[in-house]
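Chemist: Here is what each chain is made of, one letter per residue.
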Amino acid sequence: MFAFIIRRAFQAIGVLLAVGIISFAMFRFAGDPVNQIVSLDTPAAEREQVRRSLGLDDPVPVQFARYLSSAVRGEFGVSYQFRQPVSDLLAERMPATLELALCATLFAIGFGVLMGVYSGLKRDSFLAKVFQTVSLIGISLPTFLIGILLIYLFSVILGWLPSYGRGDTVRIGWWTTGFLTTSGLKALIMPSITLGLFQMTLIMRIVRAEMLEVLRTDYIKFARARGLTTRAIHFGHALKNTLVPVITIVGLQFGSVIAFAIITETVFQWPGMGLLFVQAVQNVDIPIMAAYLMLVALIFVVINLAVDILYTVVDPRLRTSIRQPA
Amino acid sequence: MTQPVLSVRDLRVEFVTRRGILKAIDGISFDIGKGEVLGVVGESGAGKSVTGSAVIGLIDPPGRIAGGEILLSGMRIDNLPPEEMRRVRGKRIGMIFQDPLTSLNPLYRVSEQLVETIRTHTNLSASAARKRAIDLLAEVGIPAPERRIDSYPHEFSGGMRQRVVIALALCAEPELIIADEPTTALDVSVQAQIIALLKKLGREHGTAIMLVTHDMGVIAETADRVAVMYAGRIAEIGPVRDVVQNPLHPYAKGLMGAIPSLESDTDRLVQIPGSMPRLSAIPPGCPFNPRCPYVFDRCRVERPEPIQHSEHRVACHLYDQSSVRSEAVA
Ligand SMILES: Nc1ncnc2c1ncn2[C@@H]1O[C@H](COP(=O)(O)OP(=O)(O)O)[C@@H](O)[C@H]1O
Ligand code: SF4
Ligand SMILES: [Mg+2]
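First to last, the protein sequences are chains R and U.
Here the first sequence is numbered in full-length UniProt numbering, starting from 1 and rising by one per residue.
Here the second sequence is numbered in full-length UniProt numbering, starting from 1 and rising by one per residue.
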């Protein structure tokens, strides 16, 4: 088990290194960084001065090593637009994105599992067909369109929910949360649905397919032959066996949820990292873009690792096979 | 004669498919008495498993019981409401399937699966149920049951897992056990042990056993009576010694002439040329007529009904006096 985690951790470091190279390369391909810092009429000598002070005249590997070592310490340089450390900017925006992603994921899991179980058990019922249709819509409509439709319905026509922003937030240490105020919670509803809808339909489809699959297995037949109640069979035996794929999807998708929050945050003007990234792209603010890339990669990698560990909690077979690799 | 534990009367099971109604079981009757082992043999697709599923009430749509009666110790069970039938399953009828590797839920400990079954059918407390579970494991021959009970299914070998499955089927001391090819998926070396265990348990508890198997050797050793199935019907049924040594039905003759060796793991134990017709293409008259070496005109038009012939019951026109007469006349 421990060896397995170590092995996975090394793979994770490999992935992060690769992303590090890409984000480092961004600086070099996006033109001369010195140009971003000095003004147009700065004399060449002064430019050289800046270049040397930033270490940009060192060999590329040395620069990369320096870049990585500061990235490990959480330093990603200074934003060209804001003239503030990128790490501060990201830290300030992170709670908004994480809270949004969390709510979207909870929404996706809650409704996805419920609807999936229902349509797996009663696949010919009217409601199951409604769910199938909804899931088709959820998968085929682009996120921004769903967001705009929701805003149109609930903000413009009904006036129930705010169309943009986070509402009021409460500061706890460096974290700002929208969970503690009514306006903050209300502001979370539509962005969470928008962001989580795709995942919800995905989870629903997977749970449904897995339920149908599991209900055909021998151990379910045997459980019925043992006279267990329908409830114990469906929710004790069948549902638990659908959890492994659900964990996979939820886990792997959580990274995408954070990554795709860019679109939702733009639609709802949600003050998170995604919105920061979009602004950075518009202003060619390479340090922010590079740092965001590294951060998203880190989140992906950490989640993958967590998912691998979770599997072994759910499925005892993996525990032994990992302990004693064949 | 005392009342049989299981009595199946003219049972019919159909599957409604797009290509029409398939008669998987077409009018079979048999009894199993207390402590008796009925062996059921026949080629793959003969309807052995469907018969077992019908008895335990697990025929799912598109299948349905289309006729006949199933009586358990005199009580009709084929028309029970689902919830009452559920209470019969596991409590009064235990079932053992072919593959112990897939019969157990991989995500639950053996103890959890045993305790849940015991507590479904009795009102034992959790700790009493656990104690009973340990006793059951000991009874089916699992060494060090107090320690092994908390293992997961994958931590047992195939033979041990089938013992766990048997323990699960025994949880509520059922009157009847249906064992559907309980050793087919197992190593040859453990097959005999499992069969011996089943036989011993049946004897000790007076359980009636319906033992479906491909292995004529097992039948000869274990069963009291044997039913030979073909295309959803019972071709011949009778005391095991008679049927094995002196089969009457031409299909049974073919089967007994070809008792397979232990190494052959094929589904077909028959060396009779041809194969069993598909359900959608069962010929009129005797379903065996295209393959029967003794076929005569009547076989192609009239379905043979089971006829008592000494201790056997055989569905073949050869043993019908009227047909002998008609042949004599012809
Ligand atoms: N769910 C089903 N739908 C349609 N036909 C079925 C179904 N289950 C079984 N059958 C048919 O019933 C017949 C008997 O099957 P079965 O009892 O499993 O045979 P076996 O004697 O090998 O156990 C087969 O021809 C099979 O095709
Ligand atoms: S009825 Fe005719 S075809 Fe069928 S087994 Fe007897 S002799 Fe053969
Ligand atoms: Mg079968």
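Note that these hints are calculated values from the structure, not bench results.
There may be inaccurate statements among the hints.
In silico lysine-lysine, DSS-like type, Cα no more than 27 Å apart, as pairs [as the list claims (entries may be wrong)]:
| no. | chain 1 | residue 1 | chain 2 | residue 2 |
| --- | --- | --- | --- | --- |
| 1 | R | K240 | R | K122 |
| 2 | U | K253 | R | K221 |
| 3 | U | K91 | U | K131 |
| 4 | R | K221 | U | K131 |
Covered stretches of chain U, as calculated for chain R (at least 3 residues, CB under 8 Å) [what the hints assert, rightly or not]:
| no. | segment |
| --- | --- |
| 5 | 91-105 |
| 6 | 115-121 |
| 7 | 243-256 |
Owing to the predicted nature of the structure, the values given are computational and were not obtained by experimental measurement.
Even for Gly, the Cβ is constructed at its ideal location relative to N, Cα and C.
Chemist: Each hint: holds or not?
Modeler: Verification of the supplied hints:
no., hint, result
1, R:K240 x R:K122, "holds, 18 Å"
2, U:K253 x R:K221, "violated, 35 Å"
3, U:K91 x U:K131, "holds, 18 Å"
4, R:K221 x U:K131, "holds, 26 Å"
5, 91-105, "holds (count 9)"
6, 115-121, "holds (count 4)"
7, 243-256, "violated (count 0)"
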